[in-house]
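Model the full structure from these sequences, guided by the hints.
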Amino acid sequence: MSAIRVVRVGLAALAAGLVLDFAAGAAFAASAEKGKEAFVKHGCFQCHGTVGQGSVATSGGRVLYDTKLPVEAFVGYVRSTNQQMPPYSEKILSDSDLADIYAFLTSLPKTADFKTIPLLNQ
Amino acid sequence: MARRDSSKVSRRKFLSGAAVAGAAATTAPIAAGAAGAPDGLAQAQPPSARRPDARVAAAEVGTPASTAAAHDNRVPGSDFMTDVIKSLDIKYMPCNPASSFRGLHESLINYGGNKSPEFLTCTHEEAAVAMCHGYFKIAGKPLMTLVHGTVGLQHATMAIYNAWCDRVPVMILGGTDLDAAHRPPGVPTIHSAVDINSIVRDFTKWDDQPVSLQHFAQSFVRAYRFAMTPPYEPVAIALDAELQEEPIHENGEKLYIPRYVASAPPQGETGAVREAARLLANAERPVIVADRCARTPNGMKLLVELAELLQAPVVDQGGRNNFPNTHHLRRPPTVIAQADVVLGLELTDFWATVNSFTDNGENEGKGVQKSRIKPGTKLISINSVELHTKSNYQDFQRFQVVDVGMAADAEATLPSLIEAIKSQNLNKDAIAKRGDANRKAKAEARDRTRQLAAIAWDAVPISTARMTAELWPYIKDLDWSMIGSERQMSSWPSRLWPMEKHYSHIGSSGGYGVGYNSPAAVGAALANRDLGRFSINFQPDGDMMYVPGVLWTAARHKIPMLTVMHNNRGYHQEVMHVQRMSNRANRVASLGNDLGPIGTRIENPDIDYAKLAASMGWWSAGPITDPKELGPTFKRAVEVVKSGQPALVDVVTQPR
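From first to last, the protein sequence lines stand for chains A and B. Residue numbering for the first sequence follows the working numbering, beginning at 1 and increasing consecutively. Residue numbering for the second sequence follows the working numbering, beginning at 1 and increasing consecutively.
What the hints contain is simulated information worked out from the structure, not anything from laboratory work. Here the structure is a predicted model, which means the values were calculated and not measured. Note that beta-carbon positions come from the ideal geometry of N, C-alpha and C, so glycine has one too. Hints should not be assumed to be uniformly reliable.
Claimed, not checked - Interface residues of chain B toward chain A, partial, derived using beta-carbon atoms under 7 Å:
hint, residue
1, T358
2, N360
3, Q451
4, A453
5, A454
6, I455
7, A456
8, A459
9, A469
10, V575
11, N583
12, N586
13, Q654
What follows is the structure, given as structure tokens:
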């Protein structure tokens, strides 16, 4: 196992530990309404779009809308990702705001099937 | 340069002589009778130089006398230059006027009748060059521009660099006045330089500074030929003011215009072509990657033939529209990971094609680099840029080892490569299965894409997918051409619209110099106008504000085009960079009063692009914030463009 890999596993474990606390506390107090504001305030929308639609240019095509990620995995990724998205520490993005953002993303209304949108069926 | 034939009276020498004649007549010789001079002869000859008195000095450094006395029937050298330029059938000359080429300017519009080239008035040299850039990618023929050799060329440099990186020929002529002893003082001298081309030499294919009219004729035709031999590149010619303005000697009887004969593009060496064919024919999962392969419409046909022969997926990196996006073999970059042979055709960056880079600060700040391909994957490169690259600017990208490399033009090499593959013992069953698998994957991907477009369908700001889809009903039955860059808007046009023609889109700037899109689109629309096509330009807001004056040029010269503003009110690429740096430093990015890090947003106040365009003669609408308004507005705008006018619709959009 390379040194980088060891560090990464450690970070993931650390993140998982935080998630337990997170899940037990802040996640339960989450507000989708506040999450919508936090999603803009912290610049999440810049790469992911205002409803988490994603972009092939900025999010590698990944979509946050209607995310199926469990909250633990979501928080773990935000806190310790080493991909193109930079990690957000608690100093930059509080547990409370992160919980609200998750609540916002999972509260978004379901998107229509493209087959029901005439302009996408031409 | 040395002055020519001093025994003849030049226009400028005539002027200066007239101005100082009286003064010179009363000036006492300073060397007469000097000690040590040979006796007799020296005494009888006038000195070779005289010390100027106050009147002579004033004539040398003061405002030049009126040129009225010089008006005669003599033919200026710039008339011959005009004949040379006309011999190459250069249709337009986007240009910002400047005194250092006043002679050629006058000849082109009066002697030349302002046809081939027609002077198109530009408000900035950067716009002029970018118009040439965009025009070529539609018309396949280069344009020329004239610039002040100093300040004008300085304005033009970024656009020239874009053309260099995008492998586009542009003829750039820069005015200068080389004779330091006789050129007009003041501004014309400030606007002269010993070697004006030095500031663009690193990113032009060739340059010259002709010292005679015949030299100009040879250099201009030579420059055109160099520029038009793949790899296409810009070229620069310095135009001495005196060469333009002095009369042609001996009625020009000894001058001739060299005949232009195009050079054949360089093809891959036979042995290398055979080896590439062997690797591709024996591959289980060959992948073709193309960037600027289809430099002409025939390039797309050849690439389709090659891909179908092998039923190999094609990844189009979009420098040109190399391959129809509706074809079942057009596939995303992820297919490269499965390849056992990768054929790269005119790739800007082969390294990044087969390697990934994650800008995450790891590896001592260098980021993480990983191979995208399996060990043992064979790499073949055909790239004309290897024939002509330079050292300073790093557009040649990281070094990538390949197994077969051909310093050759890809499009010109494809016919022999196709024939070489046909001569191999091809496994037709395996090839057919590859085709079926690609067909199935393509159909599934299409549905996924449309579902992604549906996600933010009603979002405000308006999603770039919806903006793209709303325009489609009004252009789908037209012979349309998308002439702006789409990368800033998640490439939705090429994901939702069928792009099956060489001119369906024309790629982007090449050098990523912001300020390319709006003027290049006007240049491309000019070419499309002459071909009867409908031009669509999705226009990033940040790019628009570099040279907005090009809107006036489009209106002034009646260039119809539909510009749809992708108005995300920010320099979005930089938003992400500053956010990344802030997180890396574990600091909250400071937003000020904006929606992005300080310095990256174009808001407070918001720019009204509809008013901007209207002020320069465009039909315009917006800003549109409700997606339901898009359809009716686009319908009106398309009708305006069809009537021959430019139209702009400002749409407030999602970031990407």
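Verification of the hints:
| no. | hint | result |
| --- | --- | --- |
| 1 | T358 | 6 Å, holds |
| 2 | N360 | 5 Å, holds |
| 3 | Q451 | 5 Å, holds |
| 4 | A453 | 6 Å, holds |
| 5 | A454 | 4 Å, holds |
| 6 | I455 | 4 Å, holds |
| 7 | A456 | 4 Å, holds |
| 8 | A459 | 5 Å, holds |
| 9 | A469 | 4 Å, holds |
| 10 | V575 | 5 Å, holds |
| 11 | N583 | 4 Å, holds |
| 12 | N586 | 5 Å, holds |
| 13 | Q654 | 5 Å, holds |
Of the hints listed earlier, there is not a single one the structure fails to meet.
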